[in-house]
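Trainee: Heads up: the protein sequence lines correspond to chains A and B, in order.
Under numbering that gives the first Met the number 0, the letters of the first sequence match residues 0 to 308, in that order.
Under numbering that gives the first Met the number 0, the letters of the second sequence match residues 0 to 391, in that order.
No lab work stands behind these hints: they were computed from the structure.
The beta carbon of each residue, even a glycine, is placed where N, CA and C say it ideally should be.
Some clues are possibly wrong.
Here are the computed lysine to aspartate or glutamate pairs in the EDC-like style, where the Cα-Cα straight-line distance is at most 16 Å [what the hints assert, rightly or not]:
(1) K188/B x E274/A
(2) K210/B x D1/A
(3) K77/B x D87/B
(4) K311/B x D323/B
(5) K188/B x D262/A
(6) K188/B x D212/B
(7) K22/B x D61/B
(8) K56/B x D21/B
(9) K333/B x E315/B
Covered stretches of chain B, as calculated for chain A (at least 3 residues, CB under 8 Å) [what the hints assert, rightly or not]:
(10) 34 to 40
(11) 182 to 195
(12) 258 to 265
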Amino acid sequence: MDYVLLTEQVLNGFQLGIILFLMAAGLTLVFGIMDLVNLAHGSLFMIGAFVGGTIALLTGSFVLGVLLMIPAMLVIGIVVEMTTLRTLYPRDHLDQVLATFGLILFFNEAVRLIWGPEGLVVPLPSWLDGVVALGFGITYPVYRIFTIIVGLLVAFGLYLLVGKTRIGMLIRAGASNRTMAGALGVNIPKLFTLVFGIGAVLAGLAGLIITPITQAAIGMGEDVLILAFVVIVVGGIGSIRGAFIASIVTGLIDTLGRSFLDDILLFFMPSNAAESAGPAVSSMLIYILMAAILFFRPQGLFPPKGAGG
Amino acid sequence: MLKKLLGSAALLALLASPAAADKVKIGFVTTLTTPAAVIGKDMRDAVDLAVEHIGGKMSGLDVEIIYADDEFNSQKGKQATERLILSDNVDIVAGYIWSNVLLASAPVVLNEGKILISANAGPAQLAGAQCHENFFNIAWQNDQTPMAMGELLNQVGVESIYLVAPNYAAGQNMVAGVERTFKGKIIGKDMTVWPSQRDWSAELSKIKAAKPDGVFTFYPGPAGPAFIKQYQQAGLSGEVPLYSVFTLDSISLPLFQKANMEAVLGTKMTQFWAPDMDNEANRKFVADFQAKYGRYPSYFAAQSYDSIMYIKSAIEAVKGDVLDTDGMRVALEKADFPSVRGPFRMGNNHFPIQNFYERTVVTDDNGDWTTAVGRVILKDHQDPYASQCKMP
Numbered sequence: 000m001d002y003v004l005l006t007e008q009v010l011n012g013f014q015l016g017i018i019l020f021l022m023a024a025g026l027t028l029v030f031g032i033m034d035l036v037n038l039a040h041g042s043l044f045m046i047g048a049f050v051g052g053t054i055a056l057l058t059g060s061f062v063l064g065v066l067l068m069i070p071a072m073l074v075i076g077i078v079v080e081m082t083t084l085r086t087l088y089p090r091d092h093l094d095q096v097l098a099t100f101g102l103i104l105f106f107n108e109a110v111r112l113i114w115g116p117e118g119l120v121v122p123l124p125s126w127l128d129g130v131v132a133l134g135f136g137i138t139y140p141v142y143r144i145f146t147i148i149v150g151l152l153v154a155f156g157l158y159l160l161v162g163k164t165r166i167g168m169l170i171r172a173g174a175s176n177r178t179m180a181g182a183l184g185v186n187i188p189k190l191f192t193l194v195f196g197i198g199a200v201l202a203g204l205a206g207l208i209i210t211p212i213t214q215a216a217i218g219m220g221e222d223v224l225i226l227a228f229v230v231i232v233v234g235g236i237g238s239i240r241g242a243f244i245a246s247i248v249t250g251l252i253d254t255l256g257r258s259f260l261d262d263i264l265l266f267f268m269p270s271n272a273a274e275s276a277g278p279a280v281s282s283m284l285i286y287i288l289m290a291a292i293l294f295f296r297p298q299g300l301f302p303p304k305g306a307g308g
Numbered sequence: 000m001l002k003k004l005l006g007s008a009a010l011l012a013l014l015a016s017p018a019a020a021d022k023v024k025i026g027f028v029t030t031l032t033t034p035a036a037v038i039g040k041d042m043r044d045a046v047d048l049a050v051e052h053i054g055g056k057m058s059g060l061d062v063e064i065i066y067a068d069d070e071f072n073s074q075k076g077k078q079a080t081e082r083l084i085l086s087d088n089v090d091i092v093a094g095y096i097w098s099n100v101l102l103a104s105a106p107v108v109l110n111e112g113k114i115l116i117s118a119n120a121g122p123a124q125l126a127g128a129q130c131h132e133n134f135f136n137i138a139w140q141n142d143q144t145p146m147a148m149g150e151l152l153n154q155v156g157v158e159s160i161y162l163v164a165p166n167y168a169a170g171q172n173m174v175a176g177v178e179r180t181f182k183g184k185i186i187g188k189d190m191t192v193w194p195s196q197r198d199w200s201a202e203l204s205k206i207k208a209a210k211p212d213g214v215f216t217f218y219p220g221p222a223g224p225a226f227i228k229q230y231q232q233a234g235l236s237g238e239v240p241l242y243s244v245f246t247l248d249s250i251s252l253p254l255f256q257k258a259n260m261e262a263v264l265g266t267k268m269t270q271f272w273a274p275d276m277d278n279e280a281n282r283k284f285v286a287d288f289q290a291k292y293g294r295y296p297s298y299f300a301a302q303s304y305d306s307i308m309y310i311k312s313a314i315e316a317v318k319g320d321v322l323d324t325d326g327m328r329v330a331l332e333k334a335d336f337p338s339v340r341g342p343f344r345m346g347n348n349h350f351p352i353q354n355f356y357e358r359t360v361v362t363d364d365n366g367d368w369t370t371a372v373g374r375v376i377l378k379d380h381q382d383p384y385a386s387q388c389k390m391p
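Next up, chain A with everything else stripped away, as it sits in the complex (with noise of 0.2 Å):
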């Protein structure tokens, strides 16, 4: 076994679960406290990387068009929640896919409008472009420690503000039992505004993170939509920690799935079969996960305290 590949792909594994985690933790936020099916959350997804990504080519700051990408996230966040979301809070879950998928071909059209269909190549500063030696023979780029760093950071932020702050005790009693805590004179309707705009900046941000490697375009946000959707079934909805953990074991088991799943395949099949055999089955590997974790443990790895149904 090659050491040094094996971190690596550690790395990058460790580096996928972080962008899964910005997603997934505004989507299990939304879901968990809300109670609201946002498929649209994928299209806060690209705006911010658009948006963002826009400000950084007119500024020629990558991290002025991050730090500007926060304030405009949240106002867009608190429109389209007051807006549109707001009527959707009683309805059926069925309505709310139906208005939020609504939202996704209103996005991706108003991207085509504004931006056009070829999309948006975000370059990077210079310091954080190239690689950096970690010692025993590993190089790792730059910009992907850059994001690791990023979404730490993001992580214990949000475990503070949901852990030991007013506003996270509000959230977490508006999610435990929104009419007790409605009834104690918490004001829910501008709580869920809230957490909504913190759920837009923490996509946007995501989207606007993962430009300069993979570029923005419209859709982009669909699959890891899809992903971030495993992540929370996993994690359980409505915990931002299962949201984390689950994240990065589903960055682990999809990367190095792509990166070993053929060599190990080599030992059972022919290399042609297992050629064709790797790709497929390693694309697999984290919805096999979701399936066994969704038969054994229906409520996630790691249910917050006191939600009820």
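Guided by the hints, dock chain B onto chain A, whose structure is given.
Mentor: Quick look at chain B alone, frame taken from chain A:
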């Protein structure tokens, strides 16, 4: 009685021959939505330019182009093709970027006895055992360009290569093409999930560990720039030369230039055509395309332009009788029209027998990034599946 019979016979005859051909209706299937729509836009622009160049007429008949969107999806592409045939009642169907879309859609057109012209996709199946008398490809068979690449790699002395390509019909053909002609060692091969995978961190780490002399890749459309960007970010661009087919083109190069990614300059690829190829048809096509749209045409555009000129040569051969499929087929087999790639001929399987050239990414006189044509790598080359094609 007789009169009545004659009358109804005449009426029947009227019904049988659909509205006298006063125009030529061409269905053109491409991708007009999803991120891959940038390719469809380039193709549509080229078709529009071709129609403009011929004054909107073929053999005196008005030309009507009906564009259809495959949504980058084989089932949607098949449905779009069915609409063209069944409700728009087109005379000829052309276009198709994606091999999987073409494979799903071809039977729809061919079972109706109509002529189908691929302006890009050239899957092995349709060149070999499943070839069809009414199917023509005006671009290339998928394996040919990478076969030229394998030969190029031999010529520049690459001894070990790592292959990365998407896991679908064309990706498999591209890899098979290089494997056919490359004489060195293939030390790694990754087929990635298509079209969803946009992060190649795992594959790039494997390449780094394998230390090959070169990397061969094929990522058409918007995936290409993303792959090359990550290749650079992983620190591979200075270390391992990248060889590609259908990945760097006039659609992606302006994006690279805007992002100032100089790593792509000097990159080599193989192709049957380049914007700077020196023949009359190509000079006119490229100059007018640049004047009209303010950018270089891509190979997709060149092939789309050619497909309209190709159809025109067939319509003129049958003097505008679009129902004379046999006559059109004979004309299409001759391929007698001024192609932007210069002279070529059609093989027995209705795929071109043509030259393949080396192409290098360069900066032009205006400072724009483009590709320059180099030496001939494969001369008068026919695809390897032609011998499996048994046409009636």
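Trainee: Name the hints, by number, that the structure is in violation of.
Mentor: none
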